[in-house]
Structures are given as structure tokens and as C-alpha cells.
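**Student:** Sequence:
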Amino acid sequence: MDPIRNPYAPGAGSPPPDLAGRDELIASAETEMQRAAAGRFAKGVVFHGLRGVGKTVLLNTIRRRADASGYAVISLEVPQKRSFLSALLPAIRKTLIRLSTLESLRAR
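All the letters of the sequence shown, read from the start, carry residue numbers 25 to 132 under my numbering.
The hints are simulated quantities; they were obtained by calculation from the structure and are not laboratory data. It cannot be assumed that every hint is accurate.
[As the list claims (entries may be wrong)] Simulated crosslink set (SDA-like; lysine to any residue; CA at most 25 Å straight-line):
1. Lys105 with Ala90
2. Lys79 with Pro103
3. Lys105 with Ala115
Using the sequences and the hints, build the whole thing.
**Tutor:** This is the structure we're talking about:
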């Protein structure tokens, strides 16, 4: 393959020129978001794979689409020495305050 046009671009979250073959995963995530918004059961998804295959890029793409659709999104990276809950609670609090502020602005 031509090294200049090769879409493989390793690096933490650096987007490749094309998310080839990821349309089904992105569509599935959007379906689950819509199901959750409609009060329906939504399945969680775990992306796994070797370093550099595009997991973070895929998550960032889904996050941007969720933001654009009006969903509240919490992006969180938890260091190994910290508990998930101790990292999650402040992020949830911050998001709830932001949502509360938006609602009060709409009411005015």
C-alpha cells in the first residue's frame, strides 16, 4: 500500500482520514441512544482491540454525534489508581448542574 495514502494513523485519538468499516458500529450506537431517549431498553457496548486500531476515535465520533443530537455526554478517563466511582461522581454532578442551568435558561 502507498505509505502516503495509507489510512492507518496510529496515535491516541488521532483521527484517520476515513473510519472505514465503522458505519455499522456508529449506526448501532445511534440506535441505542434513540432507544434510551424513548425510554426503551438500550444495550451497552464495549469496544476492545489492540492499541492503535481506532477505539478512541470511534468513541469520539459517537460522542460528537450524541452532542450534536442534544444528548448529555460524559467523557471520562479513569487512572488505574483511582476508583471508577470516585471519578464518575464529580463528572455526573458537573453534567447535572450544566443541564439544570440549561433548563432554567429555557424556562426564562
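**Student:** Hint by hint, say whether it matches the structure.
**Tutor:** Each hint tested on the structure:
1. Lys105 with Ala90: Violated, because 29 Å separates the two Cα atoms, which is more than 25 Å.
2. Lys79 with Pro103: holds, 18 Å
3. Lys105 with Ala115: holds, 17 Å
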